[in-house]
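A.B. asks: Below are the chains, spelled out letter by letter.
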Amino acid sequence: MSSREPGSPDRIRRFEADVLVHLDDLYRAALRLTGNAAEAQDLTQDTCLRAFERLDQLRSPAAARVWVFTILRSIFLRRIERQSRTVDVQIIDSPLLEAGEVLHDTYEALRPIQETPLGEVREALGRLPLPFREPLVLAHVGGFSYKEISEILAIPLGTVMSRLFRARRLLRSELREPARRTRSTP
Amino acid sequence: MTCDEVPRVIDAYLDGELSLAATLQAHEHFAVCETCRRVLESEAALHGLLVQASRAETAPADLRSNVLCSLPTGGRPGFQPARRVIVRFGIVSGFVGLVGLGWLATQRTVPQPMTPLAAELASKHLLYGEGHGGALELVTSEPTKMGPWFQGRLGFPVRLPSVARRPERLVGGRISSVADAPAAYALYDRSGQSISLFVTRRVPFARRGWTERHVDGAELYFASLRGVVLIWWEEKRAERLYAAASGGNEEALVEFALLCIKGEQSRSGGAALPARLAARPLAAPGSRRRRPRRSGAS
Chain A
0 MSSREPGSPD
10 RIRRFEADVL
20 VHLDDLYRAA
30 LRLTGNAAEA
40 QDLTQDTCLR
50 AFERLDQLRS
60 PAAARVWVFT
70 ILRSIFLRRI
80 ERQSRTVDVQ
90 IIDSPLLEAG
100 EVLHDTYEAL
110 RPIQETPLGE
120 VREALGRLPL
130 PFREPLVLAH
140 VGGFSYKEIS
150 EILAIPLGTV
160 MSRLFRARRL
170 LRSELREPAR
180 RTRSTP
Chain B
0 MTCDEVPRVI
10 DAYLDGELSL
20 AATLQAHEHF
30 AVCETCRRVL
40 ESEAALHGLL
50 VQASRAETAP
60 ADLRSNVLCS
70 LPTGGRPGFQ
80 PARRVIVRFG
90 IVSGFVGLVG
100 LGWLATQRTV
110 PQPMTPLAAE
120 LASKHLLYGE
130 GHGGALELVT
140 SEPTKMGPWF
150 QGRLGFPVRL
160 PSVARRPERL
170 VGGRISSVAD
180 APAAYALYDR
190 SGQSISLFVT
200 RRVPFARRGW
210 TERHVDGAEL
220 YFASLRGVVL
230 IWWEEKRAER
240 LYAAASGGNE
250 EALVEFALLC
260 IKGEQSRSGG
270 AALPARLAAR
280 PLAAPGSRRR
290 RPRRSGAS
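Chains as they are written, first to last, in numbering that gives the first Met the number 0: chain A, 0 to 185; chain B, 0 to 297.
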């Protein structure tokens, strides 16, 4: 039985080594994207299944991590579209950051941020608009480089940097003023 | 590096994305500038919090096994060793053995490659159905509560069978997805055996890899995967796909599928149903089912 056959032991071994090894990170990313444990399990399982079906498209084991996260994101976005949830894309992506966006004095007014309970951080992350939440999840859950995030999200490198920057500013503002919520998105 | 430049590079510095030269410049600046060092510490704390918040959770213990169980398998367990033994026997026994091997080969049916739909339904049945209701969003035995709950969340009506005089009992439901489209998921219990019911939009090319059978006038599509029996059918007017899955026997699942179809039939008075669904009355529970007729979609 060749490794190209659907259920061959070689194919399953390859799937375990290249894809299933990322299961925890896939689940964590799914959890942060969906905000719901049951949906996250569902999304992770569908991602793994899709990856197994398309395992032949994987060029090399080194590319597996980016590849499988791209699948996860694609399934997640399709679900959002089909569920008619609105994705807030009313953001202006500029590849270069404006100096005026950065306010030094905000740091002074902060409570010691390291004391923030993790649950509060997760909630604040969940309230970020999706275009900002995605790169943060990929950077902190997946540990991806800017280049890899750019590949997964199919956006230019400068846009990745800009979104990450704004995402962290928004998150900081959420943690500083939890009562003032950003727009809720899926 | 100046204080004005720090905000532009601080994220990249903490993310390890700066060039070596720029990293050294930033280092030098932080060493001499108290204000920027405080900014750096605050940013580093935020990065640290994000990592902790994101990575503290782990996947449920059974997720890995559920994923592995849901993989489409092309071969039967034990097939390869068995064939090897037979081949060795054939070599030793000469012609008689070869004849025996040939006979065995004809007896073995080549397993159908499982379709993505079958794998998805089976995996979700294992995920939601075998967890004794732990994954349900609404736990209720009342179809009158479950139906509107689904409709409110999915935006389309979901017909649930009436099980008042049946061995099946509604356990509850949740919103799921099938083929990346939103789907209603209802869990039933029949004498300790879980039955899953999925309702979603029609799935393109769903027939591929399934076995079509006409049972009591209903057009049903069958598959089985890792001990999970799967049946789906279409409600053509509403463009919905219904699918049932169970780890129990096929006969009971066929009964359940026919019960779902009968509910739809009685609801609409049978007047406008497609001929294939309204053709003949349903078999009583436990009665002998008409011998299935196979058609081309194998």
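Hints are supplied without guarantee of correctness; some may be wrong.
[What the hints assert, rightly or not] Straight line, CA to CA, 25 angstroms or less: simulated SDA-like cross-link-like pairs of lysine to any residue:
| no. | chain 1 | residue 1 | chain 2 | residue 2 |
| --- | --- | --- | --- | --- |
| 1 | A | Lys146 | B | Arg7 |
| 2 | B | Lys261 | B | Arg225 |
| 3 | B | Lys144 | B | Gly216 |
| 4 | A | Lys146 | B | His213 |
| 5 | B | Lys261 | B | Arg201 |
| 6 | A | Lys146 | A | Pro130 |
| 7 | B | Lys144 | A | Ala36 |
| 8 | A | Lys146 | B | Asp188 |
| 9 | B | Lys235 | A | Arg81 |
| 10 | B | Lys235 | B | Gly191 |
| 11 | A | Lys146 | B | Gly15 |
| 12 | B | Lys144 | B | Gly154 |
| 13 | A | Lys146 | A | Arg64 |
| 14 | B | Lys261 | B | Arg239 |
| 15 | B | Lys235 | B | Glu136 |
| 16 | A | Lys146 | B | Leu23 |
| 17 | A | Lys146 | B | Val8 |
| 18 | A | Lys146 | B | Arg54 |
[Stated by the list, open to error] Output of the computed footprint for chain A on chain B, the stretches with three or more beta carbons under 8 angstroms from beta carbons of chain A:
| no. | stretch |
| --- | --- |
| 19 | 5-14 |
| 20 | 19-31 |
| 21 | 46-53 |
In case anyone wonders, no lab produced these hints; they're calculated from the structure.
Since we're looking at a predicted model, the values are computed, not measured.
Glycine residues also receive a C-beta, built at the ideal position from the N, C-alpha and C atoms.
A.B. asks: For every hint, state whether the structure bears it out.
C.D. replies: Status of the hints after comparison with the structure:
1. With a CA separation close to 18 angstroms, the supplied pair A/Lys146 and B/Arg7 stays within the 25 angstroms bound.
2. Straight-line distance between C-alpha atoms of B/Lys261 and B/Arg225 comes to about 29 angstroms, which puts the hinted pair past the 25 angstroms bound.
3. Pair hint B/Lys144 plus B/Gly216 does not hold up; C-alpha atoms about 30 angstroms apart against a cutoff of 25 angstroms.
4. Among the hinted pairs, A/Lys146 with B/His213 is inconsistent with the structure: their alpha-carbon atoms are about 54 angstroms apart, more than 25 angstroms.
5. Distance restraint check for B/Lys261 and B/Arg201: the Cα-Cα separation of roughly 19 angstroms lies within the 25 angstroms cut-off, and the hinted pair is therefore satisfied.
6. For the hint pairing A/Lys146 with A/Pro130, the CA-to-CA distance comes to about 16 angstroms; that is within 25 angstroms, so the pair holds.
7. At roughly 24 angstroms between alpha-carbon atoms, B/Lys144 and A/Ala36 fall within 25 angstroms of each other, so this suggested pair holds.
8. For the hint pairing A/Lys146 with B/Asp188, the CA-to-CA distance comes to about 49 angstroms; that exceeds 25 angstroms, so the pair is violated.
9. In summary, the hint linking B/Lys235 to A/Arg81 is supported, as the alpha carbons are separated by about 20 angstroms, within the 25 angstroms threshold.
10. For the proposed pair B/Lys235 and B/Gly191, the alpha carbon gap of about 32 angstroms is over 25 angstroms, so the pair is violated.
11. A C-alpha spacing of about 12 angstroms is found between A/Lys146 and B/Gly15, which places the hinted pair at or below 25 angstroms, so the restraint holds.
12. Proximity of B/Lys144 to B/Gly154 is assessed by CA-CA distance (about 15 angstroms); at most 25 angstroms being required, the pair is judged to hold.
13. Under the criterion of a C-alpha separation no larger than 25 angstroms, the hint pairing A/Lys146 with A/Arg64 is consistent with the structure, at around 13 angstroms.
14. At roughly 15 angstroms between alpha-carbon atoms, B/Lys261 and B/Arg239 fall within 25 angstroms of each other, so this suggested pair holds.
15. Restraint check for B/Lys235 and B/Glu136: the C-alpha separation of about 28 angstroms exceeds 25 angstroms, so the hint is violated.
16. For the given pair, A/Lys146 sits about 22 angstroms from B/Leu23 by alpha-carbon distance, which is consistent with the 25 angstroms threshold.
17. This hinted pair checks out: A/Lys146 and B/Val8 have alpha carbons roughly 16 angstroms apart, not beyond 25 angstroms.
18. Restraint check for A/Lys146 and B/Arg54: the C-alpha separation of about 21 angstroms stays at or below 25 angstroms, so the hint holds.
19. Counting residues of the stretch 5-14 of chain B whose C-beta sits closer than 8 angstroms to any C-beta of chain A gives 5, which meets the bar of three, so the coverage hint holds.
20. For a cut-off of 8 angstroms, the count of residues in the stretch 19-31 of chain B with a CB near a CB of chain A stands at 0, and the three-residue condition is violated.
21. Given a C-beta distance limit of less than 8 angstroms, the hint that chain A covers the stretch 46-53 of chain B holds, as 8 residues qualify and 3 suffice.
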